[in-house]
Each structure stands twice: as C-alpha cells, then as structure tokens.
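Student: Next come the chains, spelled out residue by residue.
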Amino acid sequence: MVIADHTFTQLVRMKVFYFLAVFAVLMIAASFFEMPYSRTTEDTAEQELIILKSTAMGSMAMFSVLFAVAATALLIPKDLEDRTLYTILSKPVPRLDYLLGKLAGVLLLVLVSLLLMDSLLCIILNYRTEGLIAMEIEKGKALGWPPDYLQMRQDSISQQGVTWDLQAGVAAIFFKAMIMASIALLISTFSSSTLFTIVIAVVIYFIGHFTADARNYWLHSQGSNVSQELKMATQGIALIFPDFQLYNIIDATIEGKPVPAGIFRKLATLTLFYTGIYSVLAWFTFRKKEF
Amino acid sequence: MRIVFQIVVILCVLVAFGAAKLRFEDNLNQEMVEERLIQPSLKEGTSLQLGQTGAAVALGGLRSLVAAMWNLRAFVHFENLDWIKLEESYEVITTLQPQTTHYWETGAWHLHTNASVHYNENQDLSPIRRQALRKLYIDKGSAFLEEGVRQNPQNWKLHLGLARLWSDRFKLPDFSRAVNHYDNVLATDTIPDYKISQYKRFRFYSLTRIPERQREALEDGTALFRSTPNNHLPNLVCCLFALQNAVQLPENERIPDNELFPDEKTQYVWLSNYWQNRRIAFPMDGVEEKRQELQAKLGTPRPGR
Numbered sequence: 001m002v003i004a005d006h007t008f009t010q011l012v013r014m015k016v017f018y019f020l021a022v023f024a025v026l027m028i029a030a031s032f033f034e035m036p037y038s039r040t041t042e043d044t045a046e047q048e049l050i051i052l053k054s055t056a057m058g059s060m061a062m063f064s065v066l067f068a069v070a071a072t073a074l075l076i077p078k079d080l081e082d083r084t085l086y087t088i089l090s091k092p093v094p095r096l097d098y099l100l101g102k103l104a105g106v107l108l109l110v111l112v113s114l115l116l117m118d119s120l121l122c123i124i125l126n127y128r129t130e131g132l133i134a135m136e137i138e139k140g141k142a143l144g145w146p147p148d149y150l151q152m153r154q155d156s157i158s159q160q161g162v163t164w165d166l167q168a169g170v171a172a173i174f175f176k177a178m179i180m181a182s183i184a185l186l187i188s189t190f191s192s193s194t195l196f197t198i199v200i201a202v203v204i205y206f207i208g209h210f211t212a213d214a215r216n217y218w219l220h221s222q223g224s225n226v227s228q229e230l231k232m233a234t235q236g237i238a239l240i241f242p243d244f245q246l247y248n249i250i251d252a253t254i255e256g257k258p259v260p261a262g263i264f265r266k267l268a269t270l271t272l273f274y275t276g277i278y279s280v281l282a283w284f285t286f287r288k289k290e291f
Numbered sequence: 292m293r294i295v296f297q298i299v300v301i302l303c304v305l306v307a308f309g310a311a312k313l314r315f316e317d318n319l320n321q322e323m324v325e326e327r328l329i330q331p332s333l334k335e336g337t338s339l340q341l342g343q344t345g346a347a348v349a350l351g352g353l354r355s356l357v358a359a360m361w362n363l364r365a366f367v368h369f370e371n372l373d374w375i376k377l378e379e380s381y382e383v384i385t386t387l388q389p390q391t392t393h394y395w396e397t398g399a400w401h402l403h404t405n406a407s408v409h410y411n412e413n414q415d416l417s418p419i420r421r422q423a424l425r426k427l428y429i430d431k432g433s434a435f436l437e438e439g440v441r442q443n444p445q446n447w448k449l450h451l452g453l454a455r456l457w458s459d460r461f462k463l464p465d466f467s468r469a470v471n472h473y474d475n476v477l478a479t480d481t482i483p484d485y486k487i488s489q490y491k492r493f494r495f496y497s498l499t500r501i502p503e504r505q506r507e508a509l510e511d512g513t514a515l516f517r518s519t520p521n522n523h524l525p526n527l528v529c530c531l532f533a534l535q536n537a538v539q540l541p542e543n544e545r546i547p548d549n550e551l552f553p554d555e556k557t558q559y560v561w562l563s564n565y566w567q568n569r570r571i572a573f574p575m576d577g578v579e580e581k582r583q584e585l586q587a588k589l590g591t592p593r594p595g596r
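If you're matching them up, the sequences are chains A and B in order.
Going by this note's numbering, the first residue of the first sequence is number 1, and it counts up by one from there.
Going by this note's numbering, the first residue of the second sequence is number 292, and it counts up by one from there.
Hint data in this document are derived by calculation from the structure and do not stem from the laboratory.
One thing to keep in mind: the hints can contain errors.
[Claimed, not checked] Below, in silico cross-link-like pairs of lysine-lysine (PhoX-like), each with a Cα-Cα straight-line distance of 25 Å or less:
#1 LYS231/A <-> LYS312/B
#2 LYS257/A <-> LYS486/B
#3 LYS141/A <-> LYS486/B
#4 LYS231/A <-> LYS91/A
#5 LYS581/B <-> LYS266/A
Quick caveat: nothing in here was measured; it's all calculated off a predicted structure.
Chain A on its own, in the form it takes in the complex:
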C-alpha cells in the first residue's frame, strides 16, 4: 500500500493530470457539434449524443492505455536512477510486493484519471441529453405527436444518455489499461530501456487486436484453402497474446447497447487472470535480478 501510494504521488508530481484540460476542451468542443440542418432525421438527437460519446470514450481509451504503458515503463528505470530502488530492496520488502505496489500505483492513477474524465463526460452528456429531450418534446408538441410517441422519443434519447451500460464501457477501458500496465511491467523487468518497453508494449497492444482473428482462423477455418504455415502462426498469436477485441464492447456501449451482467463478469474475470499471470511472470524475472 505504501509503495502504491508513493508511486501514485510520484506520478501525480509528473503533472500528468494536465491532460485533463485537453480532454475538457475536446469534450466541450464535441458537445457543440450539431448535425447539418439538411441531414436532420428522426434520430438526429441520438446520433449527436453518439458522436459526443465516441469522442469522449475514444479519448479515454487512448489516454488510459498511454498512461498505463508509459507510466509503468518509467517506474523501475526511474527508481534505479533516483536510487530509491536500492533503498527499498535493502529493506525486508518482498520483490513481489514492490512490483504489485508499483502496478497498483499506476492503476490507481489510471482509475482516478478515468473517473475524472467519466465524471466530466456524465455532466456534459446529461446536460446535452436533457437539452435534446426538451427540444424534441417541444418539436413533438408543435407537430401534434401523440403522448405515447413523445414518450418513445424521450426513452430513445435517454438510452443514449448517461446509463450503467456506458459505465460498463468505461470499466472495459480500465480493464484494457490494467492488462497493458501489467504487460509493460513484465517487459520492464528484463528490458534495459524505457523506450524498448514502450515500443514492445505498443506492438503487443496492436497484435492483441488480431488475436480473435488468429484464433478464429485456427479453430474455425477448414478446407483446402487453409495454409499450414499460417495456421501455425495463428496458433502462436492466439496462445501467447491477449485478446483485446473482447474489450471492444466500448463501441457497443457508445451506441447505447445493453451489456449483460454475465458477459461483463466474464470479462472482469479474464482481466484479473491476465493481470495476475503477467504480474507473476514479472516477479519471476525480477526476483533474482541484480542491480
């Protein structure tokens, strides 16, 4: 806990929260977005909210993964440079505790950042949703829409506002950042440079988005067109790399689709397994490392 708290403070002092100003400007700009008048359709209000959410959630996903990778990659080299690592390891602190403390500190930072961005999104989204509902009701009354239809329009717009399903999307962003932080931690335990850690982590991030296709090719492609070499390559990818496509429920939550609790639980379980296995492997390489 002490190491996690120290790591969090250390990262906050690096002025990482300045990016929130950028996010706020982006959100405010996106909230002013309006469909061209000639393109107005029945569900224009919903589409405007989807675009607002797309911008916000995309930025959140980008910032969180960048934070998770860059902050984790910096930690061990910085402790070495400041010589705090020697001080910590000379005390009766298990190396696993040190690594987990560092990881927890980074994840706390990502969590706080995501909560701040999520709060800002919820405030702006709620404000925009209320405004659009009021406009729609006013328009509907002027056009003499029946009360049932007005209620349907209100429900349809509200579905694109602040919902628990949207929060499931934010949680998926955090899950992805958790895995990326633990991967960066594993690489940083045997890497000699921060840049190497970041580059390899980013490469793994991209490959992780092909895992589902690789697995699909391996398990579900049959017939004469299937190449054995390609099949072996896909087996390797499917076995070694995490499947980041599963975390793309973010896109579905942006479109207001409901996320069943069972699926969300399975995703959370998978994330814990990934984070756990990478952390244990990080400890394996770090446990007898000499400095």
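With the hints as your guide, set chain B onto chain A.
Tutor: Showing chain B alone in chain A's frame:
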C-alpha cells in the same frame, strides 16, 4: 543466458495459460458476437480492402474516436464538393464502425443525393455526362447502403434507406425494388412495433405505382384499410378508390364509397387533393370523373389546378 532462459520460461507459461484460456475466450467472443456487442470476423468475399481492415482491427479501442474524426473530415470534403475523397472517407469510417447506422446513412446520402444533384446541375458537363454521373452516384449511394445491410442484416433503418431511395420520385425510382426493400424492413426483428403500420402503408404506396401489380396492391390496401381505422387516411383511401377502378373490380366486391370516405364532401376534397398530386404516379383511374360528378352534385367551387 539467464535472460534467454527466463524468456523461454515466460513463453512456456504464456502458451500453457493461452491453451487454458483458448476455449473460454472463443466462447466469450461468440457470446459477444451473438449479443452484437462486438463485430464478427470479416468473412471471405468482403468488398472491404485488406489494408483498411487491418487498420480497423489494429486501431482497436480507438475506432470510435478515429471514425468520429474522419466523419468531421468527410464534412470538409462535402463542403469542398470533393466526392471522391468523401466516398473514400466514408469507406474508412464504415470499416471502422460498421455497426453505426448513422455513418452508413450519411455516407449514402452524400452520394445518392448531394453528389448526384451536384453533377446533374453542373452546366460545365454535357447533358449525357450529367445524366450518367447522376445515375452513377445514385447507384453508388445504393451500393453503399447495400454493403451496410450486408454487414447489418437486421438493421431496419438501412433497409428503409434503400426503400426510400428507390421510391424517391426525385431520383430514379424503381418501385419493384422499393417494395422488396420495404419487405426487408418489415422482416427485421429490430423494427419498433409503432413503425410497422406506417411502413406497411409506404410499401402499399410503392406497390400501387407498379402497373402490373395493381391487383396485389388492391388486396394489400384492402387488408390495411380493414385492419384499423388508423389506416383510413386520405391517400390510402384514394389509392384504393383508384385501384378498384383500375382493375375493374365488380361492384359486389368493391368497398363502397360510403365506407371508404366519411361523406361526399370529404370525398370530393380528398380526391381533388389526390388528383393534384398526379405527378407522383399513383393510379388515377376514375378519379377525375368522380371528382367532376361530385362537383356537379355538390356544387362545390372548382379548386385551382
């Protein structure tokens, strides 16, 4: 040497963990695809370019953001009337976000409406070239929506986009095609209940404009008329009146005028309005005769033509 040993151990553990999680992930993936939470893998024969697909997959969680940015960029191409770049932009956008209806609808609208009108009104082109480019971009808009439908077969709005396009009298209407698309709209399981009745009527209006299917249109129209008083709308009633004349339905099989119309004065007003819209190509059999008969009977002032 120690690092090599460590990497080998790490790889072995990852492979073992990978084998253990493989089925779990595969099942979870299929469950999510069934719930339409994530997109299925692209099948063979897809018209999307491999480069774009790779980019789409690789961008992963940033797809929504990149698509939103490209959407803004596409609007700049629209303002510059650069239809080629606009089309390319929407191909990228829809590759990134194939389940977002709005992007398919907007991309198609730019092509079949804005681009086709722009070329049609471009006086620098010869009339033949103008016509050809107009048709080309209407077809491109339609093809774009069809690709959207192929990737989202249960999306009623995309089917509706096609139905509207092919029943639009300001484009190149093909009512048989429009009727098929309305059938697809009604066959989806996502269409809201309150829309079904409306689109059944729209299907009927397209059907009435196909001369060789007038009997079928009459049967459908009669069923709609009898199903609910909410369908006793001026246009539907007038279409039924004209169709009964068009197919020369025997008197005993017809819906009598006093059942179709609330009263004779309303009949006169509705038929007059209907007659004024004869450019829409609805059947007009017996409409003018009846209108004149009512005018003589009721002494109603003759409305301006």
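Student: Given the hinted pair LYS257/A and LYS486/B, is their alpha-carbon gap at most 25 Å?
Tutor: Roughly 20 Å between the alpha carbons, so the hint for LYS257/A and LYS486/B holds.
Student: Regarding the pair LYS141/A and LYS486/B, is the alpha-carbon distance no greater than 25 Å?
Tutor: holds (19 Å)
Student: Check the hint pairing LYS231/A with LYS312/B against an upper bound of 25 Å on the C-alpha distance.
Tutor: Roughly 18 Å between the alpha carbons, so the hint for LYS231/A and LYS312/B holds.
Student: Can you confirm whether the C-alpha distance between LYS581/B and LYS266/A stays at or below 25 Å?
Tutor: Judged against 25 Å, a Cα distance of about 69 Å means the pair is violated.
Student: Does the structure keep LYS231/A and LYS91/A at a Cα separation of 25 Å or less?
Tutor: The given pair, whose Cα atoms are some 49 Å apart, is violated under the 25 Å limit.
The structure fails to meet hints 4 and 5 from the earlier list, while all remaining hints are met.
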